[in-house]
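As you go down the protein sequences, you meet chains A and B in turn.
For the first sequence, our numbering gives the first residue as 1, with consecutive numbering after it.
For the second sequence, our numbering gives the first residue as 1, with consecutive numbering after it.
Rather than coming from a laboratory, the hints here were simulated on the basis of the structure.
Misleading hints may appear alongside valid ones.
Straight line, CA to CA, 25 Å or less: simulated DMTMM-like cross-link-like pairs of lysine to aspartate or glutamate [to be verified]: (1) B:LYS6 with A:ASP61; (2) B:LYS114 with A:GLU53; (3) B:LYS114 with B:GLU10; (4) B:LYS114 with A:GLU20; (5) A:LYS7 with A:GLU37; (6) B:LYS114 with A:ASP61; (7) A:LYS7 with A:GLU26; (8) B:LYS114 with B:GLU51; (9) B:LYS6 with A:GLU19; (10) A:LYS45 with B:GLU131; (11) B:LYS114 with A:GLU19; (12) B:LYS63 with A:ASP61; (13) B:LYS73 with B:ASP111; (14) B:LYS6 with B:GLU48; (15) B:LYS63 with B:GLU48.
Not everything, but these chain B residues come out facing chain A in the computed CB check (under 8 Å) [said to hold, decoys possible]: (16) LEU17; (17) GLY31; (18) LEU43; (19) LEU53; (20) HIS78; (21) VAL90; (22) LYS114; (23) ASN134; (24) CYS135.
DEER-style ranges, computed between Cβ atoms [to be verified]: (25) A:LEU40 with B:ALA21: 54 to 64 Å; (26) A:ASP72 with B:ARG34: 43 to 53 Å; (27) B:PRO41 with A:TYR3: 50 to 60 Å; (28) B:ALA19 with A:THR29: 48 to 58 Å; (29) B:GLY86 with A:ASP72: 40 to 50 Å; (30) B:MET1 with A:GLU5: 39 to 49 Å; (31) A:THR29 with B:ALA21: 58 to 68 Å; (32) A:SER6 with B:ARG68: 43 to 53 Å; (33) B:ALA21 with A:ALA71: 44 to 54 Å; (34) B:ASP127 with A:GLN8: 35 to 45 Å; (35) B:ILE11 with A:ALA71: 42 to 52 Å; (36) B:ALA52 with A:ASP67: 47 to 57 Å; (37) A:ALA71 with B:ASN35: 38 to 48 Å; (38) B:MET1 with A:GLY33: 36 to 46 Å.
Every residue, glycine too, gets a C-beta built ideally from N, C-alpha and C.
Listed here are the chains, written in short residue letters.
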Amino acid sequence: MAYQESKQVQIRYYAALREERGLPAETVTTFAGSLRELYLELRDKHGFRLGCERLRVAVNDRFGNWDDELADSDRVVFIPPVSGG
Amino acid sequence: MFLLSKEAIEIEPLRRLFADARAGAVATFEGRVRNHNDGRPVLGLDYEAYEALAVEEAETIMKEATDRFGLYKACCVHRVGSLRVGDLAVWVGVSGAHRAEAFAACQYIIDAVKHRLPIWKRERYADGSVEWVNCQSGSRELSREHAH
Chain A
1 MAYQESKQVQ
11 IRYYAALREE
21 RGLPAETVTT
31 FAGSLRELYL
41 ELRDKHGFRL
51 GCERLRVAVN
61 DRFGNWDDEL
71 ADSDRVVFIP
81 PVSGG
Chain B
1 MFLLSKEAIE
11 IEPLRRLFAD
21 ARAGAVATFE
31 GRVRNHNDGR
41 PVLGLDYEAY
51 EALAVEEAET
61 IMKEATDRFG
71 LYKACCVHRV
81 GSLRVGDLAV
91 WVGVSGAHRA
101 EAFAACQYII
111 DAVKHRLPIW
121 KRERYADGSV
131 EWVNCQSGSR
141 ELSREHAH
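Let the hints inform the model, and build the full structure from the sequences given.
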């Protein structure tokens, strides 16, 4: 079998997610293949209330898609429902 | 032009940016913190932004509005930090040749800013509780919005 490489990614949290996590940012080592898998892994670990369907996701300061592949050193932000204005 | 501001927004310097002999219409919008939302008395708001992405997405919105409505200038400033009732939360200004395009562009920008920018507001209520708007897990909350 092929061995999967782990990835180190930087996560930043905002608003409701920051409060639920109790941290503004963290570095995570993961085997998640996609952004969705990463969120589900973290949600499972920290009990975030909102599911992917209520969030958006950004990678390296660009909006991304949940099924985008996660790469080593990615900077990821999960975006709770926005409420500016 | 889009800015996130930690300080109170000053309108007069912004208005001066719109001096333009071609512009027959300048439309502006002020979004202010109001004292109630969804039937609850509100004392103030805290705004938080994912700055890099908010600025980039906002510049996209300004360009869309400029192209679509043929504007001469479009500008938006959004507050971050702690605000009280009556404070200016967001300011939008646009200039064009005629009023119809200016009104429409102003509305287009404020609607897009509310729906697309990664900016969040936490309301502080008179009873001492706080809540991130739109972030509740129940379905009832999906339609809630602190609409200016």
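### Task
Report the numbers of all earlier hints that the structure fails to satisfy, in ascending order.
Checked against the structure, the hints that fail are numbers 16, 18 and 36, while the rest are satisfied.
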